[in-house]
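Visitor: Below are the chains, spelled out letter by letter.
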Amino acid sequence: MKPAPFDLCLAESVADVTAALAEHGEAARILAGGQSLMAMLNMRLTEPQLVIDISGIPDLDRIEVGKDGITVGALVRQAELAAHEEAMAALPIIAEALTHVGHMQTRNRGTVCGSLAHADPSAELPLLLLLLGGHVTLASARGTRQVAASDFLVGMLSTARAPDEMVTHAHFPLPPKGARSGFREISRRHGDFAIVALGCIAQGNSVRLGIGGVADAPVAVDLGDVTPETLPEALNALAWRLGGYDDIHATARYRRELIRRIGRDLILETIA
Amino acid sequence: MKILKDGVKAPVTFSLNGEDIEGYAEPRTLLSDFLRHELGASGTHVACEHGVCGACTVSVDGKAVRSCLMLAAQAEGKDVQTIEGLSKGDEDFGDLQEAFHQRFALQCGFCTPGMLMTLASLKGTGRSYSEAEIRDALSGNICRCTGYREIVDAALDVLGDQVKA
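Note that the protein sequences, when read in sequence, are chains Z and S.
Counting along the first sequence from 1, when you hit position 269 you're at 269 in this note's numbering, and nothing is skipped either side.
Counting along the second sequence from 1, when you hit position 37 you're at 37 in this note's numbering, and nothing is skipped either side.
It is worth saying that the hints were derived from the structure and are not from the lab.
Be careful, since some hints might not be right.
[Unchecked claim] Here chain Z is said to cover these stretches of chain S; the calculated rule only asks that three of the stretch's residues, wherever they fall, bring their Cβ under 8 Å from a Cβ of chain Z:
1. 2-15
2. 37-46
3. 99-109
4. 132-139
[Stated by the list, open to error] Straight-line C-alpha distance at most 20 Å; calculated EDC-like pairs for lysine to aspartate or glutamate:
5. S/Lys123 with S/Asp136
6. S/Lys5 with Z/Glu26
7. S/Lys63 with S/Glu19
8. S/Lys2 with Z/Glu23
9. S/Lys5 with Z/Glu23
10. Z/Lys2 with S/Asp136
11. S/Lys78 with Z/Asp61
12. S/Lys5 with Z/Asp59
13. Z/Lys2 with S/Asp33
14. Z/Lys2 with S/Asp6
15. S/Lys5 with Z/Glu80
16. S/Lys63 with Z/Glu85
17. S/Lys123 with S/Asp95
18. S/Lys78 with Z/Asp59
19. S/Lys63 with Z/Glu80
20. S/Lys63 with Z/Asp61
The beta carbon of each residue, even a glycine, is placed where N, CA and C say it ideally should be.
From just these sequences and the hints, can you work out the full model?
Guide: Printed below as a string of structure tokens:
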């Protein structure tokens, strides 16, 4: 299908975007890489009056690697982050997860911040932002604010972004020194939406586990010190707490079983 | 800051297969439709129109992308390559197309332009690829005829990192 008619704003600065958002609010949508929004426009799942193309804004395409983490601007493409050797050496779990984000052809345009703002519950990047305890920076005509991933990702395709705000940056903190990490995903085919995606950060035997695709938003839990003996019960309790859902790809029961089995394999490999 | 009004066609200029082109597009016009209907470059095929099938894959500034997930207006000033740019004419195919021909890597041919533009973007990097890397890249393009084996073989003929026996 084709998109319904809309006005197209070619923004040249963040101020252009926030002014347009202040005027149009929920009737406007921000277009960056377009790998989620364009599909939704084509299927007329969304029919905004105004589309604000931010791809001409300078300085939003930067990746900054600092002592405490990686900060990416709103125009950093997923493929650009994956190709950034310094950033990927600092956070190998992101390098691993990015290979599961769509396909090469969509990563070439899809942005990191766009995926966060879209907030698909099975998406890898929101899961990682939450697992690592990161935050997004939101700008509006009222000012800027930082919102932790745990407050930002509120549910299925919904975030704490107000209608007059745009995501300008995302910050992925480095795990503590010496921590190990791992990522695992099950999907029908590689590159498809995850049925279950799991990320794990371990300091010694102390484990933090992030889970996508099971609840209506990604979830991260500190499991504390685990052993091969205690882990199955901890994962079983977690699987029942999250519940999961039935859809055309998998049943809730299958999703819970993936948490038990893939979760166990991932955690034991990471702490080994 | 420029605002393009809905329903009003505005000029779009970019380089298509090395030639500067100009056409007119509404804000909502997809790059795929602009190529086919405004420029008459109908080699780029359109199927799912939500970024899943890969039939509409073109190269923008050297990167393989979905032309159905890009507005024509977003191609302004870019270097766009399509299937029409891969050969010099009906009798003078490029090496990728020749390999597809030799290996019977198409049946109905509908997905072929997208397959070739994905592979052309790999070729553009100048390095060679393993079968696993080629399969990973081609996982973004769906073919409902061939079962992919012949497509992968054709790609390996041109891009493969193994010396053939």
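Visitor: Look at each hint and say if it fits the structure.
Guide: Taking the hints in turn, this is what the structure says about them:
1. Counting residues of the stretch 2-15 of chain S whose C-beta sits closer than 8 Å to any C-beta of chain Z gives 6, which meets the bar of three, so the coverage hint holds.
2. Note: the stretch 37-46 of chain S has 0 residues with beta-carbon separation from chain Z under 8 Å; the three-residue rule is not met and the coverage is violated.
3. Note: the stretch 99-109 of chain S has 0 residues with beta-carbon separation from chain Z under 8 Å; the three-residue rule is not met and the coverage is violated.
4. Evaluation of the coverage hint for the stretch 132-139 of chain S: fulfilled, as 3 residues show C-beta separations to chain Z shorter than 8 Å, against a requirement of three.
5. Among the hinted pairs, S/Lys123 with S/Asp136 is consistent with the structure: their alpha-carbon atoms are about 15 Å apart, no more than 20 Å.
6. With a C-alpha separation of about 18 Å, the suggested pairing of S/Lys5 with Z/Glu26 holds against the 20 Å cut-off.
7. Restraint check for S/Lys63 and S/Glu19: satisfied, since their Cα atoms lie roughly 18 Å apart, inside the 20 Å limit.
8. Restraint check: the Cα-Cα separation between S/Lys2 and Z/Glu23 comes to about 16 Å, which is no more than 20 Å; the hinted pair holds.
9. For the proposed pair S/Lys5 and Z/Glu23, the alpha carbon gap of about 16 Å is at most 20 Å, so the pair holds.
10. Of the supplied pair hints, the one linking Z/Lys2 and S/Asp136 is violated, its CA atoms being roughly 29 Å apart against a limit of 20 Å.
11. As the CA atoms of S/Lys78 and Z/Asp61 are separated by approximately 17 Å, the hinted pair is consistent with the 20 Å bound.
12. Between S/Lys5 and Z/Asp59, the direct Cα distance comes to roughly 27 Å. Violation of the 20 Å bound is thereby established for this hinted pair.
13. Pair hint Z/Lys2 plus S/Asp33 holds up; C-alpha atoms about 9 Å apart against a cutoff of 20 Å.
14. Proximity of Z/Lys2 to S/Asp6 is assessed by CA-CA distance (about 14 Å); at most 20 Å being required, the pair is judged to hold.
15. Between S/Lys5 and Z/Glu80 the CA atoms are separated by roughly 32 Å; this puts the pair beyond 20 Å, and the hint is violated.
16. A hinted pair counts as satisfied when its Cα atoms are at most 20 Å apart, and S/Lys63 with Z/Glu85 qualifies at roughly 19 Å.
17. Note on S/Lys123 and S/Asp95: the hinted pairing holds, with a Cα-Cα distance of about 10 Å set against a maximum of 20 Å.
18. Distance hint between S/Lys78 and Z/Asp59 is fulfilled; the C-alpha atoms sit about 19 Å from each other, no more than 20 Å.
19. A hinted pair counts as satisfied when its Cα atoms are at most 20 Å apart, and S/Lys63 with Z/Glu80 qualifies at roughly 11 Å.
20. At roughly 16 Å between alpha-carbon atoms, S/Lys63 and Z/Asp61 fall within 20 Å of each other, so this suggested pair holds.
In this structure, the hints that do not hold are numbers 2, 3, 10, 12, 15, in rising order.
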